[in-house]
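> Next come the chains, spelled out residue by residue.
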Amino acid sequence: MSTLPALLDAVLVVSLVLLGLSALLVVVRLLRGPTGLDRLIALDVLVAEFLCGLVAYAALTGDSSFVPVVVAISLVGFLGSTTVARFVRRGTGR
Amino acid sequence: MSREGRDGGEGRRTPPNTGGILRRAVPLVWLMIVWVLLWGTFSWANVLGGLAIGLLVLVLFPLPAAPGGGWIRPGAALGAAARFVGDLVVSSLQVARQSLQAVTGPPIRSSVIAVRLASSSEFVMAMVTEVLTLVPGSVVIEARPEERTIYAHVLGADDDQAVADFRAQVARLEGDIVAALGRPAAPTVPVGPDTAEESR
Amino acid sequence: MSTPTQSTVELVLDTIGTVAIVLGVLLALVASVGLLSLPDVLSRMHAATKPQVVGLLLIVIGGALHLRTSPDVWMLVLVGAFQLVTAPVTAHVVGRLAHRGEGGVRRDLLYVDELTDRPDEADPGPDDQEDDDEARDEDGSPHRNGAAVGRSRRRRGDGSDGASLDSGE
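Protein chains in written order, with UniProt numbering: chain A, 1 to 94; chain B, 1 to 200; chain C, 1 to 169.
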C-alpha cells in the first residue's frame, strides 16, 4: 500500500525526463529548419511540451502555483506563432 | 463594426429577431463562467464580479452577432462530442504509428482533398474546419465559403479508398454538427456579411 | 500528490491521473519523433497537433486528478478549453502558408492535390503548378512575389527580410 505512491512519483519523474527528451528532439527540428514554418511548428510544440511539463510538475509536487502560468500561456501562446507566420517568407530551399 | 450595424438588417437576411436579448446574454454567461472557473470557487461575489467584467468586455469589444440558428440540442451535442473524442484518440494513434513508420520506412504520402459541404452555413463550415484541424491527421488549409468547399491536407491518404474515407468522415462530422446545432442543413446567406461589407 | 494517500479512492485517482500523464507524455515523445521523421511541413503539422491537443488534454486531466483538492483544478479545465480554441488557429495559418509557399509541401509525395488542381483567383501563385523546387528556385523574384500570400507583404523584396528565419544550414 505504501509503495504505490512512491512508484507513481517515480513514474511521474520518468515522464518529466521523457518530456525533456522530446523537447530535445524538437530543438533539433528547430535548429535544422529548413524553412521558417518548420521552426514555427517546432516552437509551437516546444511551448506545448513546456505546458505539459508544468502540469506534470504540479501533479508530482502537489504545488499548483504554476497553474496560472499555464492558463496564461495556453491563452496567448498561439498569438506569437500566428503573428510570426504572417511574416515568415517561404523557405528558400535550405 | 458595432453590433447595431450587424443586427440592423442591412446586408443580412436572417437577423436573429427572436430571443435577441437571450442570445446576446450567452457570451456574457460564458465569460462569467470563465471568471468563476479562474477563481476556482463558486461564490456570489465571483458570479457578480464575472458578470460585471463580462459586461465590460462585451461593451469594449463587441462581438459580431452570431449567425442565426437554433439552440444547441444537448443530446446530439453530447453524441457529437463523444464522437469527437473517439476521433481524437483513433487519429492520434494513427499519426503516432505513421510518425514511427516514417523513421525507417519510406516517406509518408498525403493528399490535399477538397470536400464540398452540404450546408451553406458559414458557422457549420467554421465548426467543421475547427474540428478537422484539431484532430491529428487532417489540417484544413483552405476554406472557401462561396464554394462551400474546404481543402484539407490528410496525412497518409495515399489511395482512392483513403480519400473516399475522408470524405465520408467529413460528411459524418458535418451531420453531427448540424444535428447538434439543431437546424436544417442550408438556411443562411450565400455570401458572408463580412465579404459583403468589404466589397462595398 | 507526494503525501501518503489515505484512502483507496485517492490512490485510484492518483493512479489514473498518472496513467493519463504518462500517455500524454508518450504522445508528446512520439510527436517529437514525427516532427523529425515526417517529410514536409504539412505532414509535420499533424504530428505537432498531438502534443498541442491530445497530449495536453491528457496531461491536464491527469494533473486535475492529482490536484483534485485545490481550487486551481478549474483553471486546468480552462487550459484544456483554451487550447482547443486556439490550437487550430496556428495550424490553419501555417498550413495555408505551407501549401502556397515552396518547400512547405513535397508535391511528389501528394497522392492527390485538389487545391492545386482547381486554382482560382482566391489562390494566386503560379508556383502551385507541378514544377519542382529546383526549377522554381532559379526562377527568381517575380515568382516569389507572386506567391507571397499576405496582402501587406506583396511589395516587399525577395525574401531577404526572412533570411534569419529561413536560412538554416
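The hints are simulated quantities; they were obtained by calculation from the structure and are not laboratory data. Ideal placement from N, C-alpha and C gives every residue a C-beta, glycine not left out. Worth double-checking, as some hints may not be accurate.
In silico contact screen, one side only, chain B against chain C (beta carbon under 8 Å); selected entries [what the hints assert, rightly or not]:
#1 LEU38
#2 ALA45
#3 LEU48
#4 LEU60
#5 PRO64
#6 VAL90
#7 SER92
#8 SER99
#9 SER111
#10 ILE113
#11 ARG116
#12 ALA118
#13 GLU130
#14 ASP159
#15 GLN161
> Determine for every hint whether it applies to the structure shown.
Hint-by-hint comparison with the structure:
1. LEU38: holds, 6 Å
2. ALA45: For ALA45/B, the interface hint is violated, since the closest Cβ of chain C sits about 14 Å away, which is over 8 Å.
3. LEU48: violated, 18 Å
4. LEU60: Hint on LEU60/B: violated, closest Cβ of chain C at ~20 Å, above 8 Å.
5. PRO64: Since chain C brings no Cβ nearer than about 16 Å to PRO64/B, farther than 8 Å, the hint is violated.
6. VAL90: violated, 11 Å
7. SER92: Hint on SER92/B: holds, closest Cβ of chain C at ~5 Å, below 8 Å.
8. SER99: Since the shortest Cβ distance to chain C is 3 Å, the answer is holds.
9. SER111: holds, 4 Å
10. ILE113: holds, 6 Å
11. ARG116: violated, 11 Å
12. ALA118: violated, 18 Å
13. GLU130: holds, 5 Å
14. ASP159: holds, 7 Å
15. GLN161: This interface hint is violated because 11 Å lies over the 8 Å limit.
When held up to the earlier numbered hints, the structure conflicts with 2, 3, 4, 5, 6, 11, 12, 15 and fits the remainder.
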